[in-house]
Amino acid sequence: MASYRLRINGGERTIELSDPDQPLLYALRGLGLTAAKFGCGLGQCGVCNVLLDGRATRSCLETIASAAGKSIVTLEGLGSISAPHPVQAAFIKEQVPQCGYCTSGMIISAVALLAEKPKPTEEDIREALEGNLCRCGTHVRIIRAVMAASGQGG
Amino acid sequence: MAVALAPHRLTRRAVLKGGALTFGFAFAGLPTHGLADEALAAPRSVNPNEVDSFLSVNGDGTVTLFCSKVDLGQGLRIAMRQIAGEELGISVDMINYVEGDTALTPDQGRTSGSNGIQRGGMQIRQAAATARQALVELAAQRLNTKADDLVASDGEVRPKSGGAGVRFADLIGGRSFNLKLNSKAPLKDPVTYTLVGKPLPRPDLPAKCTGSLTYIHDFSLPGMVHARVIRPPAIGATLISVDESSIKHLAGASAVRIKDFLAVIAEDEWTAVRAARALRAQWSEWSGLPAQDKLIETIRANPATTEEVLVTRGQPGTGSPSRAMTRAASYFWPMQSHGSIGPSRAVADIDSDKAIVWTASQGTHGNRKTFARFLGLPEEKVRLVYLDGSGCYGMNGHEDAAADAAILSPAVGRPVRVQWSREDELGWDPKGPPQLLDISGAVDPSGRILQWHTEMWLPQTTRGLPDVPLLAPAAAGLDNVRGLQPGLISQNADPPYAVDSVQVLVHWLEDAPLRPAPLRSPGKPANCFAVESFTDELAFAARLDPIEFRLRSLADPRGIAVIKRLAALMNWQSRPSPGSNKDAAIMRGRGMAYVHYKHNETYVATGMEVAVERTSGRIRVERVACTHDCGQIINPDGVRAQVEGGIVQTLSRVLMEEVKFDRSRVTSRDWSTYPILRFSDAPKLDIALVDRPTEPPLGAGDASCAPVGAALANAVFDATGARLRTVPFTPERVKSALGGV
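Taken in sequence, the protein lines are chains A and B.
Heads up: the first sequence begins at 438 in this note's numbering, then just goes up one per residue.
Heads up: the second sequence begins at 47 in this note's numbering, then just goes up one per residue.
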């Protein structure tokens with residue numbers, strides 16, 4: 438058993454692990470932070486994305502050992518129903534999700550993009566979200582919401 | 047891993063009141079259910095002829111709707127509130143929605159076939175209208191006045207002339223109506239609607255955008271174990287032996303075997319994943335699948351068929367045979383996966399006292415019978431509770447995962463959560479079946495269609511089969527239904543146009559290469575692809591503009607209206623296809639297709655503007671325009687979202703999706719081998735909704751899928767002069783078609 442300290446959503450959590458290769462996703466969900474979803478376990482779909490030191494990162498591939506000590510932000514850490522993050526607020530206003538399973542990863546990727554490029558073009562958004570899959574076909578609304586969150590369009 | 051339970055985890059007591067719980071999480075921001083927990087836990091009527099089965103007026107003045115039509119992301123949670131609130135006279139934020147719990151909701155049938163609103167919603171409308179009539183009569187007695195002088199509004203009944211009213215809660219709060227649904231209860235005049243027709247926001251979106259909605263994937267029970275099911279390496283393989291020593295290094299992990307059903311369980315999820323990877327098992331050989339590259343020939347040559355003439359109409363043409371131009375073509379649509387982004391998951395808690403299964407199934411009531419059967423329990427002992435899942439568009443692996451959990455829970459004596467892997471979902475979800483259509487026809491130079499003959503090969507739905515057979519009961523040797531259930535896949539195989547003589551012949555196949563299931567708009571994307579592509583082929587033969595050609599033979603005014611509106615939306619230039627740039631490096635074109643869904647539901651016309659790159663064979667869909675008439679619109683933003691999703695998802699199916707298999711199993715088991723549309727391929731969308739408030743509301747989830755394939759094929763033909771007749775339209779296929787121009 439090894440002990441790891443994780444900095445999650447501004448707080449600190451200690452977890453004990455027998456397998457240092459356990460992906461971060463399982464630890465987060467085990468802690469009750471279930472916004473990040475399991476989609477493929479292969480790094481192909483983006484529904485497990487979290488911010489790791491500000492970068493959108495596949496938590497299904499990131500090991501706990503490598504995540505320890507870094508700042509981890511999940512969708513829950515961005516905002517709440519009563520005080521949503523601007524990107525969350527834009528997704529609600531534009532009525533983006535259908536099933537909503539990909540939403541957490543989409544918002545995380547969008548937040549990472551806007552931190553880097555506060556006024557992205559539509560092409561920037563498509564590129565930044567290319568690794569995030571949506572099956573319900575909400576792509577166009579997602580693009581509109583990210584544009585709106587950056588203060589453009591709408 | 048030692049991790050304390052997070053504080054929001056549920057107590058067992060709370061969990062057993064599944065309906066209330068679901069609601070509380072799903073609708074943060076809206077009022078709680080308004081019923082005492084005890085009331086929800088107590089038996090209640092689920093008879094679909096009783097008003098009390100559909101709604102109750104609570105003591106606090108709120109109303110609770112009970113519905114087995116579930117919200118899969120298509121917006122029923124707001125639309126049903128709008129329908130009920132409109133008829134009752136109460137605002138949507140005073141209405142709660144309990145859905146898909148077999149113990150709490152009446153059986154309204156599966157949430158499928160776009161019938162949530164057009165059937166389920168109309169039951170809710172009638173229940174609410176019956177309830178309003180009763181409330182008004184109760185108030186008339188209370189106020190000692192005539193019912194005709196009263197109006198129900200804002201949760202009370204009050205004199206039309208003004209003055210104090212009586213709150214619904216004071217009239218009947220917490221008590222039963224004891225009324226049958228009255229099909230003659232007067233409905234509100236659509237002219238007076240204040241809720242129906244408004245783009246009210248969907249109430250579950252704040253929770254979905256902040257991570258506070260409890261999906262089935264997030265649901266847990268105290269004392270629960272995590273399971274993974276090990277499917278065989280070949281579809282028909284049997285289990286010879288299991289080497290349990292292969293997982294003995296994983297603390298707490300063990301294997302469960304019931305005949306050919308094999309699973310691993312562990313105390314935490316990651317250990318279950320590791321155990322599933324590590325477990326060594328020996329399976330028999332099996333290679334009963336047809337060769338994929340010979341699939342079309344195999345289907346055509348299948349001796350196990352029954353022939354049926356589905357449509358015959360008209361007389362052989364009176365047009366001059368010497369001027370008739372005949373055409374014939376074959377179209378093929380491959381097997382496709384639901385491609386749910388989250389692999390299926392379910393939780394079951396089954397022991398001698400109870401049998402509860404939490405599932406994202408679109409048909410909890412129907413599956414209750416199935417589950418009771420293989421569990422060997424009386425139906426009334428089994429309860430299925432709906433929780434949100436990853437998007438499902440017919441039947442993905444949800445029910446199979448639920449059956450896995452239901453078989454494992456009594457076997458291990460604990461609540462069990464089963465999570466499928468990505469490979470499980472794409473490999474084992476029931477598939478949209480392959481569809482092969484041969485069409486021949488004749489047209490004269492004036493554009494009159496003289497003759498039309500469709501011949502198609504489809505898997506046949508097994509008579510009396512209630513649902514798609516499930517994997518786990520079959521593997522475990524339990525009582526299980528057998529047969530095929532692909533959905534109503536033979537509709538829209540005849541043209542919606544005037545034709546002198548039409549025949550549709552189907553060869554019903556007794557088997558299918560992979561287990562079929564209804565997949566969004568079952569069968570219609572393929573049938574409409576063939577019918578509307580062939581319509582353009584006839585227009586080309588007659589050297590007529592595709593829209594002009596259709597309008598000459600279309601009589602239905604609502605159909606004509608959506609096509610004309612599409613033409614305006616696209617600024618359609620009337621000319622025959624193909625256009626004049628088919629020799630360019632990047633060839634641009636436009637095309638359209640039309641459907642009257644099932645010939646009696648929603649009207650859709652869809653147009654596309656495409657660019658085709660000659661060297662790469664890549665198709666870029668630059669814009670999709672769509673006009674959509676589903677009768678009375680309950681929530682225009684909800685309809686719009688469904689139309690957008692139907693277009694984009696079907697575009698993905700047409701451009702890139704085909705299940706790949708070898709002789710033993712599905713080989714396209716991840717997103718690199720089963721790619722779906724990404725942002726770079728998402729087109730601009732331009733959608734015009736036609737609202738007809740005085741017409742019955744029709745489905746909006748499926749119809750927009752149907753014309754996508756043909757609209758794209760027709761646009762590619764317009765751009766290139768090359769005709770694509772096999773889905774998906776991969777760059778290789780496009781290049782091959784271009785080579786033949």
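Hints listed in this document are in silico derivations from the structure and should not be mistaken for laboratory results.
Note that the coordinates shown come from a computational prediction; the quantities given were computed from them, not determined experimentally.
By construction, the Cβ of each residue, glycine as well, lies at the ideal position given by its N, Cα and C atoms.
Misleading hints may appear alongside valid ones.
Partial list, computed: chain B residues near chain A (C-beta under 7 Å) [to be verified]:
1) Asp235
2) Tyr239
3) Gly243
4) Leu251
5) Cys255
6) Thr256
7) Glu315
8) Phe420
9) Arg666
10) Pro682
11) Arg724
12) Ser726
A quick look at each hint next to the structure:
no.	hint	result
1	Asp235	29 Å, violated
2	Tyr239	21 Å, violated
3	Gly243	16 Å, violated
4	Leu251	5 Å, holds
5	Cys255	5 Å, holds
6	Thr256	5 Å, holds
7	Glu315	6 Å, holds
8	Phe420	27 Å, violated
9	Arg666	13 Å, violated
10	Pro682	11 Å, violated
11	Arg724	5 Å, holds
12	Ser726	6 Å, holds
When held up to the earlier numbered hints, the structure conflicts with 1, 2, 3, 8, 9, 10 and fits the remainder.
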